[in-house]
Amino acid sequence: MNERWKFWLSALLAFAVIGAAIFVPILRRRMKRAARLQQQSEEQARRELSQPIPMNPADPRVKARLFWLSGTDNSMLAPAVVELPLSSDPVLRSKQVLNTLLAGPVDAELRTLPPDAVLLAFYILPDGTAIADFSEAVATSTPSGIASEQLAVDSMARTLEANVPQVKRLKILIHGQEVETLAGHVDLTGTFVVNAGMGRTPTTPAAAPAAGKVGALTLPPLTLNGSTVKLAQR
Amino acid sequence: MLLDVGNSKRLRFLIISGMTSLLFAGAVMALVLQIPSQTQRPVAASASSSTSAVPGAQSGTPAGSLPGAQATQGGLSVVALDPAHGGTDLGARGTGGIQESEIVMEFAAQMRRALEQQGFQVVQTRQGNDNPSFDDRSAIANAQRGAIFISLHISSTGVPGTVRVYVNADLPTVTTANGLIPWDRAQAPFLGLSRKLGDLVQGMLTQQFKGSPDTAQTAAIRQLRTTAAPAIAVEVSSVVVNDRADLDHMAPGVADAVARGVVAFKPSYVMASTGGALP
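Residue numbers (this note's numbering), protein chains in the order written: chain P, 6 to 239; chain D, 27 to 305.
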């Protein structure tokens, strides 16, 4: 191999390496941006398709009990009584109370679920297991931690328990998929006991809070004397 | 013209440059094909892990070991410390750049020293900034004999300066026909012992950090579910402190309280030689 050959070969290799060093990071950034945009547009499309279930004013107004953080101790849940026109159909009723829970109270500090989370789908299996499918935001925007994640799950379970007796267990999906944890800690592979008093045991007991406790938290007694709160506008 | 290949030097030049271009293009394509897979969500624990079984208490091999907690008869000698998160999973993040994955390593280092001073052997589920899977972390504890498991966390909520201990929610004990415990319910036979350990450690922590609960709390913690040993999670509040030093100052106290709790638990561990449940 003569000198000229070596020169050209080295030059080409150097060119290839320099080219790769310049273009690969750019390409990587573009790929990431494209993936993010695609995810956001899918999220937007789902939001548009899954508008919150409107309340029917003809439905009887009932005092619903919704579980947000306690105003006195934000490591606990407390029931708040809200008068709502609720459907007698358990699926519609569940959607109504969960959407109200997601809308949150005026005091954002008492939220248990992130404001940008959306209930994408909800249905109840014949055995009483409710499947609630939430948007990605419920996982990405819930503060990471055992306490905060357990509070988020418990607020849903307790709200369903208080308002929809047909729901025995709750299974949470994210974007239609089963995920391992909510935000890195709380196990979502199982179901959560909703109406523990019905003498049922969870099908997959991995995520079942202990009886008498709401996950990490012992709740105050369930009474109808909870404080009445204003709801935030979505 | 360049395409006039009558000249052998030009021919060789064309071949070499063509091959180099192909190699470069191939490398770029390979990289492009890898990027989408990196952007996907991490897959849950492998299907094989959910169907595999834990051989009773303390062995990582799926067969040929004693079921239940019978293997704990030798007494408590090993503490598996699990600094949570790591790698790309930063865990809870505070406004001042505080990252859970980083701080738990410091807590683990202090806790390790405190436990070793008490005569325990300590193994860690991670030593550096990596992120083993939940199953891999559990496997480290499950491979030990006479071990307990302590997972360390920093919360993103809660009253700063307090510490909560968690044990897993109820899991009905299920054993297979050959006496093995299913991997995904490995914690079930140990819930009684975990509760005992949790209450003891929480009691010690509450003496040190006022405002913490009196007893261990219950939560559905993924990491604990596949751990075949008495297992607790310790969560310190929180990353929302104004100054990181506030958390750093807590580390010696947390380490000391946990070590004292483990020492207090040791006799209970020896007693539990039948099934892992407390009377």
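Bear in mind the hints are in silico, worked out from the structure with no lab data behind them.
Keep in mind that the hints are not guaranteed to be accurate.
If the Cβ cut is set under 7 Å, some of the chain D residues that face chain P in the computed set are [what the hints assert, rightly or not]:
{"id": "1", "residue": "S43"}
{"id": "2", "residue": "L48"}
{"id": "3", "residue": "T114"}
{"id": "4", "residue": "G117"}
{"id": "5", "residue": "T121"}
{"id": "6", "residue": "G122"}
{"id": "7", "residue": "G184"}
{"id": "8", "residue": "Y192"}
{"id": "9", "residue": "Q233"}
{"id": "10", "residue": "F235"}
{"id": "11", "residue": "G237"}
{"id": "12", "residue": "T241"}
{"id": "13", "residue": "A246"}
{"id": "14", "residue": "E261"}
{"id": "15", "residue": "K292"}
Residues from chain D that keep clear of chain P, each with C-beta distances beyond 10 Å, as calculated [unchecked claim]:
{"id": "16", "residue": "N155"}
{"id": "17", "residue": "T183"}
{"id": "18", "residue": "H275"}
Derived contacts from chain P toward chain D, CB cut-off under 8 Å, selection only [unchecked claim]:
{"id": "19", "residue": "W13"}
{"id": "20", "residue": "I23"}
{"id": "21", "residue": "A26"}
{"id": "22", "residue": "P62"}
{"id": "23", "residue": "D64"}
{"id": "24", "residue": "T145"}
{"id": "25", "residue": "S146"}
{"id": "26", "residue": "G189"}
Computed from a prediction, not measured in an experiment: that's the story for all the values here.
A virtual CB, placed ideally from N, CA and C, is assigned to each residue, including glycine.
Verification of the hints:
Because the beta carbon of S43 of chain D sits about 6 Å from the nearest beta carbon in chain P, less than 7 Å, this interface hint is met. Interface hint status for L48 of chain D: violated, as the beta-carbon distance to the closest one in chain P is roughly 10 Å, over 7 Å. Interface restraint check for T114 of chain D: the shortest CB-CB distance to chain P comes to about 12 Å, outside 7 Å, so the restraint is violated. A distance limit of 7 Å between C-beta atoms decides the matter here; for G117 of chain D the minimum to chain P is near 6 Å, and the interface restraint holds.
At a threshold of 7 Å, the smallest CB-CB gap from T121 of chain D to chain P is about 13 Å, leaving the interface hint violated. Because the beta carbon of G122 of chain D sits about 16 Å from the nearest beta carbon in chain P, more than 7 Å, this interface hint is broken. Because the closest C-beta pair between G184 of chain D and chain P is about 6 Å apart, less than 7 Å, the hint holds. Hint on Y192 of chain D holds. Least Cβ distance to chain P is approximately 5 Å, under the 7 Å limit.
The beta carbon of Q233 of chain D is not positioned within 7 Å of any beta carbon in chain P (closest approach about 19 Å), and the interface hint is therefore violated. At its closest, the beta carbon of F235 of chain D sits 14 Å from a beta carbon of chain P; the interface hint therefore is violated under the 7 Å criterion. Hint on G237 of chain D is violated. Least Cβ distance to chain P is approximately 10 Å, over the 7 Å limit. For T241 of chain D, the suggested interface contact is broken, since its CB lies about 10 Å from the closest CB of chain P, more than 7 Å.
With a cut of 7 Å, the hint placing A246 of chain D at the interface with chain P holds, because the nearest CB-to-CB distance is about 4 Å. A cut of 7 Å between beta carbons decides the hint on E261 of chain D: the least distance to chain P is about 5 Å, and the hint holds. With its C-beta approaching chain P no nearer than about 25 Å, K292 of chain D sits outside the 7 Å limit, and its interface hint is violated. With a closest Cβ-Cβ approach of about 16 Å to chain P, N155 of chain D is found to remain outside the 10 Å limit, as its non-interface label requires.
Not every C-beta of chain P lies more than 10 Å from that of T183 of chain D, the closest at about 5 Å, which undercuts listing it as non-interface. Separation of H275 of chain D from chain P is adequate, the least Cβ-Cβ distance of about 20 Å exceeding the 10 Å criterion. For W13 of chain P, the interface hint holds, since its Cβ comes within 8 Å of a Cβ in chain D; the closest pair sits about 6 Å apart. The restraint placing I23 of chain P at the interface with chain D is violated, with a minimum CB-CB distance near 11 Å, outside the 8 Å limit.
Hint status for A26 of chain P: violated, given a least beta-carbon distance of 12 Å to chain D, over 8 Å. Hint status for P62 of chain P: violated, given a least beta-carbon distance of 37 Å to chain D, over 8 Å. Look at D64 of chain P: its Cβ only gets to about 34 Å from chain D, farther than 8 Å, so that hint breaks. Of the supplied interface hints, the one on T145 of chain P is violated, with its beta-carbon coming no nearer than about 11 Å to a beta-carbon of chain D, more than 8 Å.
Hint status for S146 of chain P: violated, given a least beta-carbon distance of 11 Å to chain D, over 8 Å. At about 6 Å, the closest approach between the beta carbon of G189 of chain P and any beta carbon in chain D falls short of 8 Å, and the interface hint on this residue holds.
Of the numbered hints given earlier, the model fails hints 2, 3, 5, 6, 9, 10, 11, 12, 15, 17, 20, 21, 22, 23, 24 and 25; all others are met.
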